[in-house]
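Could you put the whole structure together from the sequences, leaning on the hints where they help?
There are 2 protein chains.
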Amino acid sequence: METPYIVIIATGSEITAGRSVDTNSGWIANQLFELGWKVKKFIALPDDPELILSELQNLKDLAKTKPVLAIMTGGLGPTEDDYTLETVLKLNGKKSYSVEKAKIRLTRVYESRGKQYSDILPTVLRQTHVPEDCKILDNNVGIAVGFVEPLGVDSYLVCMPGVPSEMKDMFTRRLTPELKRLYPRENLVQKTKWLWNIGESLYQKDFVEKNRESLFSDVEWGVTANRGYIKCIFQSNYSEKLERIVNELEKQYPKIISDDVFAYVHEELISKKLTIAVGESCTGGLLGKKLTDSPGSSTYFVGGFLTYSNEMKESLLGVSHNILSQFGAVSLETASSMANGIFEKTKADYCISITGIAGPDGGTESKPVGTVWIGLKTPDGQVQTHSYIFPGNREGIRENASNTALFLLYQSLKQRNI
Amino acid sequence: METPYIVIIATGSEITAGRSVDTNSGWIANQLFELGWKVKKFIALPDDPELILSELQNLKDLAKTKPVLAIMTGGLGPTEDDYTLETVLKLNGKKSYSVEKAKIRLTRVYESRGKQYSDILPTVLRQTHVPEDCKILDNNVGIAVGFVEPLGVDSYLVCMPGVPSEMKDMFTRRLTPELKRLYPRENLVQKTKWLWNIGESLYQKDFVEKNRESLFSDVEWGVTANRGYIKCIFQSNYSEKLERIVNELEKQYPKIISDDVFAYVHEELISKKLTIAVGESCTGGLLGKKLTDSPGSSTYFVGGFLTYSNEMKESLLGVSHNILSQFGAVSLETASSMANGIFEKTKADYCISITGIAGPDGGTESKPVGTVWIGLKTPDGQVQTHSYIFPGNREGIRENASNTALFLLYQSLKQRNI
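Heads up: the protein sequence lines correspond to chains A and B, in order. Using the UniProt record's numbering, the letters of the first sequence map in sequence onto residues 1 to 418. Using the UniProt record's numbering, the letters of the second sequence map in sequence onto residues 1 to 418.
Hints were generated in silico from the structure; no laboratory data involved. What you are looking at is a predicted structure, and each value in this text was computed from that prediction instead of being measured. Any given hint could be a false lead.
[As the list claims (entries may be wrong)] Chain A residues, not near chain B, derived (Cβ > 12 Å throughout):
#, residue
1, Leu91
2, Asp133
3, Glu178
4, Lys210
5, Thr275
6, Gly285
7, Lys289
8, Arg394
[To be verified] From chain B, some residues computed to sit far from chain A (all C-beta separations above 10 Å):
#, residue
9, Lys41
10, Thr65
11, Arg108
[Said to hold, decoys possible] To give an idea of the chain A side of the interface with chain B (calculated C-beta under 10 Å), a few residues:
#, residue
12, Glu14
13, Ser20
14, Trp27
15, Asn30
16, Ser201
17, Ser217
18, Glu280
We treat Cβ as the ideally placed atom computed from N, Cα and C, and that holds for glycine.
Take a look at the structure:
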């Protein structure tokens, strides 16, 4: 079957007014990419039934010439300005009905709040409605039911709630199997590797271009730039081709390659029963925040010190006045002394210190804005120190520094397993 | 003149593949809203010249029926897959020329890297090109020149670089005056207030609906939901109408209303020469990170303690074993004791402690997930404590807690000035 022409539509005046950013469409595109499909267009529309209907009518016309898959989020809620169902009914000249299962779910929610079925407002009840003869997509997280409507030959319009948690659950559990059924195709394999402190263009020039002929036949590749690292994504129907690419990548970049460091650090610290503590200057808490993003981090994250001022570096972490005045707060000596100080106070297995100049002020000729020293005390008692000059603005430098600190921890944890 | 039909277009395969989120369109829509215009549609397209051309052709056709303003970002860079200029030339049957000023700028950049004009690749030089007879938009941040092309009667296509810093500078300095010239209209006034720990729908019901007739004639309003607060935005050509609304809002919600607390806290701490230190449990560094987001925060942010474990609460902040075992780590007593401990170690004017259950595990019947205690020691030596049950997932609860802590600080700083 021909690959469908895919359009993702987000509805919501809050999006087109710039009050909130549509992250649903990108997430869906990513999921579709993993299913092997590329998206032709994103559209975002305000909550305006005429604009939405005219856009859907255009897609229905297009579906007369080729298979179209339109995936729309938003407009299924209980408020006045939710127009999706009404618009789809008008588009296809259909009536709607209330899905029994959803009605029961909604009633239970009301009952749990001490109310009863008759208290439910019509606009709220509308969330349980779908067009006649559609494919229903159950909502396990919220109330509004999703659905798949025909749009033409091999063409479909998918409507899902705009609430990300509801949409994501619905997409993964309900829509993905349905799409695989509607558009059967061979299974794609995907591999992702991270490369640290290297630019996207340099990677393209030095790896992709150089190996284009030998490695990249039947392989789709992509790259995304992040703070401190790029993600290199490869996709193919032939898993052995991906293996070859990843081996080549590891051979070319042995010192800067990693898997997802956030996931690895989290799992490794838990499974090896290791603990960690931090001491942060320029990142002001960002490293601690990242280390505690995942549930269960209390098993390894002991605590930390935000030693923003020199006084605090002295009083909390015992960095000597001498070191600070002789080498400065941003120096190998201070980073190292901070790491030792963290250990003295916490006895954690790993102690990470960060001290740097996040800017925009405070840079000098010898230590420009972006200069960062990272100290890492490992369980063997050694203290590593690493220096960087990170690019970007204040936010970028702080993100770079905290991510790179996690990469250093990743490398040290990996080393143990060799 | 008729208000134009506004479409914002973002080009870039990284967007439609879901590898990066388009934040430009939302930012532009927000700026346009402040100019008094609403956007009809966002479109995002991959780097595919045919798709881009067909979309622009559609807009050119539409411009035969009404004034159209299309603002496009991306595709002006130096790589193979930058197609914007080429597509616009094809659309309007024009040739391009190299803007002298941009060429000089580019040459200087090359010279500063020890290279010369002849080293510049044609694709790089292309960034200095614009269509004949267009309105040029200078780029003060990067190389690629932006431009405004006619699209029909009172209709224009604006092309700007996709790099946010370049686009924003170009929009503000170059495009805004041009738009005001092309589409003259009276000046709008805008006011924004924040309301804390109240839902969007409750605000709409209790304030907007109730005052719709008396307050909201000739006033556009909007609301955006954030972690812990909603932003209430009002717009009108009559500033006295906005005054009345804001007064009414302050009267109705005296205890939960604020201005931008991040900006206020930053400015107030600097101007009053006050210092602050933090002690964080469940937020793991997020409050410290927020307090150091802005340049110049080193003048007030002394430092802090990430006391994730009970042991650290005892050893770093001197919370007694007794308090922890009798009342628990998430309690008034612990929050208060942490705030005092921060003061002991830092002598900061304001000391904020946060301790709570961010989940998903760790909740109990009496202290469900989302329970958070915040302690605030003020310069008069008093310690306030506040408890909350924040909604949302782990990330939401942590964002809520740290933002609300800043709101408490805001209130205390405001109090001093009464």
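Hints and how they fare:
1. At roughly 18 Å, the least C-beta separation between Leu91 of chain A and chain B is larger than 12 Å, which holds for a residue marked as non-interface.
2. For Asp133 of chain A, the condition that its CB be more than 12 Å from all CB atoms of chain B holds, with the nearest at approximately 30 Å.
3. Even its closest Cβ contact with chain B, about 20 Å, leaves Glu178 of chain A beyond 12 Å, as expected for a residue assigned away from the interface.
4. Chain B leaves Lys210 of chain A outside its interface by the beta-carbon criterion, the shortest separation being 16 Å against a cut-off of 12 Å.
5. Taking the minimum C-beta to C-beta distance to chain B, about 9 Å, the non-interface status of Thr275 of chain A is violated against the 12 Å cut.
6. With a least CB separation of 3 Å from chain B, Gly285 of chain A falls inside the 12 Å interface cut-off, contrary to its annotation.
7. With a minimum CB-CB distance of about 4 Å to chain B, Lys289 of chain A fails to clear the 12 Å threshold, and the non-interface call is violated.
8. The Cβ of Arg394 of chain A does not lie farther than 12 Å from every Cβ of chain B; its closest approach is about 6 Å, which violates its non-interface assignment.
9. Against chain A, the non-interface label of Lys41 of chain B is violated: not every CB pair exceeds 10 Å, the least being about 6 Å.
10. Listed as outside the interface, Thr65 of chain B is consistent with that label: its C-beta sits roughly 13 Å from the nearest C-beta of chain A, beyond the 10 Å cut-off.
11. With a least beta-carbon separation of about 20 Å from chain A, Arg108 of chain B lies farther than 10 Å from that chain, consistent with its non-interface assignment.
12. Interface restraint check for Glu14 of chain A: the shortest CB-CB distance to chain B comes to about 7 Å, inside 10 Å, so the restraint holds.
13. With 10 Å as the threshold, the beta carbon of Ser20 of chain A comes within range of chain B, its nearest partner Cβ sitting at about 6 Å, so the hint holds.
14. Of the supplied interface hints, the one on Trp27 of chain A holds, with its beta-carbon coming within about 6 Å of a beta-carbon of chain B, less than 10 Å.
15. With a least beta-carbon distance of about 3 Å to chain B, the hint placing Asn30 of chain A at the interface is held under the 10 Å criterion.
16. This hint holds: Ser201 of chain A has a C-beta 8 Å from the nearest C-beta of chain B, less than the 10 Å allowed.
17. At its closest, the beta carbon of Ser217 of chain A sits 19 Å from a beta carbon of chain B; the interface hint therefore is violated under the 10 Å criterion.
18. The beta carbon of Glu280 of chain A comes within 7 Å of a beta carbon in chain B, closer than 10 Å, and the hint placing it at the interface holds.
In the structure shown, a violation is registered for the earlier hints numbered 5, 6, 7, 8, 9, 17, in ascending order.
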